[in-house]
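Participant: Take a look at the letters that make up each chain.
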Amino acid sequence: DAGVIQSPRHEVTEMGQEVTLRCKPISGHDYLFWYRQTMMRGLELLIYFNNNVPIDDSGMPEDRFSAKMPNASFSTLKIQPSEPRDSAVYFCASSQTGGGRTDTQYFGPGTRLTVL
Amino acid sequence: GNSVTQMEGPVTLSEEAFLTINCTYTATGYPSLFWYVQYPGEGLQLLLKATKADDKGSNKGFEATYRKETTSFHLEKGSVQVSDSAVYFCALSVTRGYSTLTFGKGTMLLVSP
Numbered sequence: 001d002a003g004v005i006q007s008p009r010h011e012v013t014e015m016g017q018e019v020t021l022r023c024k025p026i027s028g029h030d031y032l033f034w035y036r037q038t039m040m041r042g043l044e045l046l047i048y049f050n051n052n053v054p055i056d057d058s059g060m061p062e063d064r065f066s067a068k069m070p071n072a073s074f075s076t077l078k079i080q081p082s083e084p085r086d087s088a089v090y091f092c093a094s095s096q097t098g099g100g101r102t103d104t105q106y107f108g109p110g111t112r113l114t115v116l
Numbered sequence: 001g002n003s004v005t006q007m008e009g010p011v012t013l014s015e016e017a018f019l020t021i022n023c024t025y026t027a028t029g030y031p032s033l034f035w036y037v038q039y040p041g042e043g044l045q046l047l048l049k050a051t052k053a054d055d056k057g058s059n060k061g062f063e064a065t066y067r068k069e070t071t072s073f074h075l076e077k078g079s080v081q082v083s084d085s086a087v088y089f090c091a092l093s094v095t096r097g098y099s100t101l102t103f104g105k106g107t108m109l110l111v112s113p
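So the sequences go chain by chain: A and B. Sequential numbering of the first sequence, starting at 1, is according to the numbering used here. Sequential numbering of the second sequence, starting at 1, is according to the numbering used here.
It cannot be assumed that every hint is accurate.
As the list claims (entries may be wrong) - Okay, derived cross-link-like pairs now, DSS-like style, lysine-lysine, Cα gap no bigger than 30 angstroms in a straight line: (1) K68(B) <-> K105(B); (2) K68(A) <-> K105(B); (3) K105(B) <-> K78(A); (4) K60(B) <-> K105(B); (5) K77(B) <-> K60(B); (6) K24(A) <-> K78(A); (7) K105(B) <-> K24(A); (8) K60(B) <-> K24(A); (9) K56(B) <-> K68(B); (10) K68(A) <-> K78(A); (11) K52(B) <-> K77(B); (12) K77(B) <-> K56(B).
These are computed hints drawn from the structure, not numbers from a lab.
Work out the full structure: start from the sequences and follow the hints.
Facilitator: Have a look at this one:
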């Protein structure tokens with residue numbers, strides 16, 4: 001099992017540029033989550049999907065952020081335009097819910113984004 | 001609402017010392033409780049979990065008991081190793097037809113030889 005795959009692992013970009021982060025969840029998982037981690041704010045849930053449908057995007061900080069899940073094996077998080085305060089580690093996680101209870105979330109290795 | 005409170009770090013210990021990281025929670029409903037660990041440069045990994053009161057989760061020498069009466073889920077290990085140095089997150093989930101976790105802010109553990 002390959003686990004959750006994220007790309008790129010590191011991204012350095014200049015302010016104003018578009019950034020796209022990618023995630024491949026574990027096969028068979030029906031939930032996908034995007035998190036952001038910073039020293040100041042800790043781990044924040046940005047958005048999550050169930051069966052490719054966005055369920056709650058209330059954590060998305062601004063309209064500059066958007067996320068899509070076109071199919072069960074791929075999701076993107078896009079920032080356009082990027083700003084220095086977007087610098088953080090972005091994690092994707094997936095889980096498989098059974099019996100109506102939350103099950104374990106499996107995290108990817110993260111993408112470290114630096115916006116200059 | 002749901003919230004998790006962890007003791008602030010860093011927690012600094014010598015190898016073979018006893019570890020306790022405190023975690024308390026508030027939840028609307030009956031939560032499942034989790035401890036996740038994040039090693040430097042990596043994503044979070046599930047360490048252990050408990051789904052009902054008085055359950056004890058255990059893994060890699062770590063233990064935590066679900067205490068409903070004190071709304072706590074403290075993490076313990078009898079003898080820490082340098083390789084246990086990491087950030088530990090307590091988390092909860094509440095069944096409401098969807099699957100989300102509420103995380104604490106994390107506690108950094110530093111173990112010296």
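Participant: Work down the list of hints and note, for each, if the structure agrees.
Facilitator: Now the hints, each set against the structure:
{"no.": "1", "hint": "K68(B) <-> K105(B)", "result": "21 angstroms, holds"}
{"no.": "2", "hint": "K68(A) <-> K105(B)", "result": "27 angstroms, holds"}
{"no.": "3", "hint": "K105(B) <-> K78(A)", "result": "25 angstroms, holds"}
{"no.": "4", "hint": "K60(B) <-> K105(B)", "result": "22 angstroms, holds"}
{"no.": "5", "hint": "K77(B) <-> K60(B)", "result": "9 angstroms, holds"}
{"no.": "6", "hint": "K24(A) <-> K78(A)", "result": "15 angstroms, holds"}
{"no.": "7", "hint": "K105(B) <-> K24(A)", "result": "26 angstroms, holds"}
{"no.": "8", "hint": "K60(B) <-> K24(A)", "result": "28 angstroms, holds"}
{"no.": "9", "hint": "K56(B) <-> K68(B)", "result": "12 angstroms, holds"}
{"no.": "10", "hint": "K68(A) <-> K78(A)", "result": "9 angstroms, holds"}
{"no.": "11", "hint": "K52(B) <-> K77(B)", "result": "21 angstroms, holds"}
{"no.": "12", "hint": "K77(B) <-> K56(B)", "result": "13 angstroms, holds"}
The earlier numbered hints are all upheld by this structure, with none contradicted.
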